[in-house]
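Using the sequences provided together with the hints, build the complete structure.
There are 2 protein chains.
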Amino acid sequence: MGRRGDVLELAVLGLLHESPMHGYELRKRLNSLLGAFRALSYGTLYPALKSLLGQGLIREAGAGQGPALTGKRGRIVYELTAEGKERFQSLVTQPGPAAWEDERFNVHFAFFSRTDAATRLQVLEGRRSRLQERLEGFRTSMTRTRERLDSYTMELEQHGLESVEREVRWLTELIDSERAGNMTHLEDPDRPRPTGPARSGVHGAPDRGR
Amino acid sequence: MGRRGDVLELAVLGLLHESPMHGYELRKRLNSLLGAFRALSYGTLYPALKSLLGQGLIREAGAGQGPALTGKRGRIVYELTAEGKERFQSLVTQPGPAAWEDERFNVHFAFFSRTDAATRLQVLEGRRSRLQERLEGFRTSMTRTRERLDSYTMELEQHGLESVEREVRWLTELIDSERAGNMTHLEDPDRPRPTGPARSGVHGAPDRGR
DNA sequence: ATCCGATGTATCGAAGCGATACATCGGACT
DNA sequence: AGTCCGATGTATCGCTTCGATACATCGGAT
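So the sequences go chain by chain: A and B. The end of the first sequence is residue 210 by the numbering used here, with every number in the run present. The end of the second sequence is residue 1210 by the numbering used here, with every number in the run present.
No lab work stands behind these hints, which were simulated from the structure alone. Among the clues, some could well be false.
[Stated by the list, open to error] Not the full set, but computed from the structure, chain B residues with beta-carbon under 10 Å of chain A:
#	residue
1	ALA1110
2	ARG1134
3	THR1153
[Unchecked claim] Think about it this way: if two alpha-carbon atoms lie no more than 20 Å apart in a straight line, the pair counts; the simulated EDC-like pairs of lysine to aspartate or glutamate are:
#	chain 1	residue 1	chain 2	residue 2
4	A	LYS28	A	GLU18
5	A	LYS28	B	ASP1150
6	A	LYS28	B	GLU1136
7	A	LYS28	A	GLU103
8	B	LYS1028	A	GLU157
9	B	LYS1085	B	GLU1125
10	B	LYS1028	B	GLU1103
11	A	LYS28	A	GLU60
12	B	LYS1085	B	GLU1101
13	A	LYS50	A	GLU79
14	A	LYS28	A	GLU79
15	B	LYS1028	A	GLU133
16	A	LYS28	B	GLU1133
17	A	LYS85	A	GLU60
18	B	LYS1028	B	GLU1060
19	B	LYS1028	A	GLU60
20	B	LYS1050	B	GLU1083
21	A	LYS28	B	GLU1083
22	B	LYS1028	A	GLU136
[Stated by the list, open to error] Simulated DEER-style distance windows between Cβ atoms:
#	chain 1	residue 1	chain 2	residue 2	range
23	B	ARG1169	A	ALA117	34 to 40 Å
24	B	GLU1086	A	LEU53	52 to 58 Å
25	B	GLU1125	A	ARG38	21 to 27 Å
26	B	ALA1082	A	GLY54	30 to 36 Å
27	B	GLU1125	A	GLU83	50 to 56 Å
28	A	LYS85	B	GLY1056	56 to 62 Å
29	B	THR1119	A	GLU18	35 to 41 Å
30	B	GLU1125	A	SER19	40 to 46 Å
31	B	LYS1050	A	SER113	45 to 51 Å
Just so you know, even glycine gets a beta-carbon here, dropped at the ideal spot from N, CA and C.
Given below as structure tokens:
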């Protein structure tokens, strides 16, 4: 499993952690999960599944115990093994080198309800500072090319800048509400609370897929 | 030149149309032009340049007439041939099948000042309706998965929706100002006007890379 | 009754990516 | 004066991923 593969690994493990699934369904879920608008190719998915099978992280389930998805033919339902569950936990708990890169972040975020608060903050803040670096790059680039004025190019750069600024604001709100949430119900993870950030009524827009 | 290559072709041609350049410089410009945050690989660029050379659209310039970029070693400066210029014009004038796909759009937009008004409108409107389709997808997907409530996933979908809505608004403003601009100075392309849209003081944020 | 689009698994050729090798240059530090 | 080092610069290799396609079954519309 290669350079993009490890994100795929996390994503597949996470989805199968919710419920067993076959490849076709998995792909659809992955497409929205990865946030990429280009569909994930089967030429990527199936090799990845094979690799996961080989590592013993998933297995093919004997058909027909999942409710309401009993087809009678060759649909292969995958489910997590015990090792798979452990692997998922370790991946989600210790975000590897650079979990805040573009697609990485989306996937990690999607599994935040299965992540502990400390890790959530770590990922959110990592992502934010990553974006702030990018912001710097934008600003210097824009002052550098100030004189060479093509309005359309300027518009494009301007847009990009504002888009990233927007996402930074969004992240800041999430971080704040994450911290606030922690102080009130950090100690009891089993308390029946609405898993997730304390929706503060304000929304932002993250990256939307590279 | 393959599936992404034709965008690359347009981008390279467009950049070399401004001024001759060597590969390293070209790559940096392409990275900001393509809007992709993942850097374009040399393993993509150099084969593309070879292909363009093979087609006779660009040629290697004899070194040392460009002002202030005279290195004495092997830096290879590329420049457009006459065929290259024609090719660029035809690519920029008749936007091929789907010029409004994610990265495609950025590149076409970047060369708007060398595009006629009709084509500009065509691309902008195509892009907008493309995004509106995507909006539909989002909304149905969100109502469909309403009951299955993971706040983080919801937040992610919400964000995406708003991000796209934002870009639609941006495009609408561009289209409006494009139409308004057309009525005042459509007829004289050589008039020394501030090439570009009539900056209406409002900005939006487009896609940011794929 | 049969057509057709959605569902479903799987692979292949081509293209792109990340890493790396190699080389020169200018400036900083000692 | 030496020498280190990061930026500039060209180029290729192996592995991953993509887009297309093949093939098969299902359910519903005509």
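Structure-based check of all given hints:
The restraint placing ALA1110(B) at the interface with chain A holds, with a minimum CB-CB distance near 6 Å, inside the 10 Å limit. Taking 10 Å as the C-beta cut-off, the interface hint given for ARG1134(B) holds, the closest approach to chain A being about 7 Å. Interface hint at THR1153(B): satisfied, since its Cβ lies 6 Å from the closest Cβ of chain A, which is below the 10 Å cut-off. As the CA atoms of LYS28(A) and GLU18(A) are separated by approximately 15 Å, the hinted pair is consistent with the 20 Å bound.
Proposed proximity of LYS28(A) and ASP1150(B) is supported: the alpha carbons are some 18 Å apart, at most 20 Å. The hinted pair formed by LYS28(A) and GLU1136(B) meets the criterion: a straight-line CA distance of about 16 Å does not exceed 20 Å. For the hint linking LYS28(A) to GLU103(A), the alpha-carbon distance of about 16 Å falls within 20 Å, and the restraint holds. Taking the CA atoms of LYS1028(B) and GLU157(A), the gap is near 15 Å; set against the 20 Å cutoff, the hint holds.
Restraint check for LYS1085(B) and GLU1125(B): the C-alpha separation of about 26 Å exceeds 20 Å, so the hint is violated. Simply put, LYS1028(B) and GLU1103(B) have alpha-carbon atoms about 16 Å apart, close enough for the 20 Å limit, and the pair holds. Our distance criterion of 20 Å between C-alpha atoms is met by LYS28(A) and GLU60(A), whose separation comes to about 19 Å. For the proposed pair LYS1085(B) and GLU1101(B), the alpha carbon gap of about 24 Å is over 20 Å, so the pair is violated.
For the suggested pair LYS50(A) and GLU79(A), the alpha carbons sit about 13 Å apart, so the restraint of at most 20 Å is met. Distance restraint check for LYS28(A) and GLU79(A): the Cα-Cα separation of roughly 17 Å lies within the 20 Å cut-off, and the hinted pair is therefore satisfied. Taking the CA atoms of LYS1028(B) and GLU133(A), the gap is about 17 Å. The hint holds against a cut of 20 Å. This hinted pair checks out: LYS28(A) and GLU1133(B) have alpha carbons roughly 17 Å apart, not beyond 20 Å.
Annotation: proposed proximity of LYS85(A) to GLU60(A) holds, straight-line Cα distance about 15 Å (limit 20 Å). A hinted pair counts as satisfied when its Cα atoms are at most 20 Å apart, and LYS1028(B) with GLU1060(B) qualifies at roughly 19 Å. The straight-line distance between the Cα atoms of LYS1028(B) and GLU60(A) is roughly 47 Å, outside the 20 Å bound, and the hint therefore fails. With a C-alpha separation of about 16 Å, the suggested pairing of LYS1050(B) with GLU1083(B) holds against the 20 Å cut-off.
The suggested pairing of LYS28(A) with GLU1083(B) is violated, with an alpha-carbon distance near 44 Å, which exceeds 20 Å. The straight-line distance between the Cα atoms of LYS1028(B) and GLU136(A) is roughly 17 Å, inside the 20 Å bound, and the hint therefore holds. Take ARG1169(B) and ALA117(A): their Cβ atoms lie about 35 Å apart, and the range 34 to 40 Å holds. Distance hint check: the CB atoms of GLU1086(B) and LEU53(A) are about 53 Å apart, consistent with the given range 52 to 58 Å.
For the pair GLU1125(B) and ARG38(A), the supplied restraint of 21 to 27 Å holds, since their beta-carbon distance comes to about 22 Å. For the pair ALA1082(B) and GLY54(A), the beta carbons lie near 55 Å from each other, so the given range of 30 to 36 Å is not met. At about 52 Å, the CB distance of GLU1125(B) to GLU83(A) agrees with the hint of 50 to 56 Å. For the pair LYS85(A) and GLY1056(B), the beta carbons lie near 59 Å from each other, so the given range of 56 to 62 Å is met.
Here the CB-CB span from THR1119(B) to GLU18(A) is close to 47 Å, at odds with the stated 35 to 41 Å. Checked against the hint of 40 to 46 Å, the C-beta distance between GLU1125(B) and SER19(A) comes to roughly 42 Å, which is consistent with it. Against the hinted window of 45 to 51 Å, the Cβ-Cβ separation of LYS1050(B) and SER113(A) comes to about 50 Å, which satisfies the hint.
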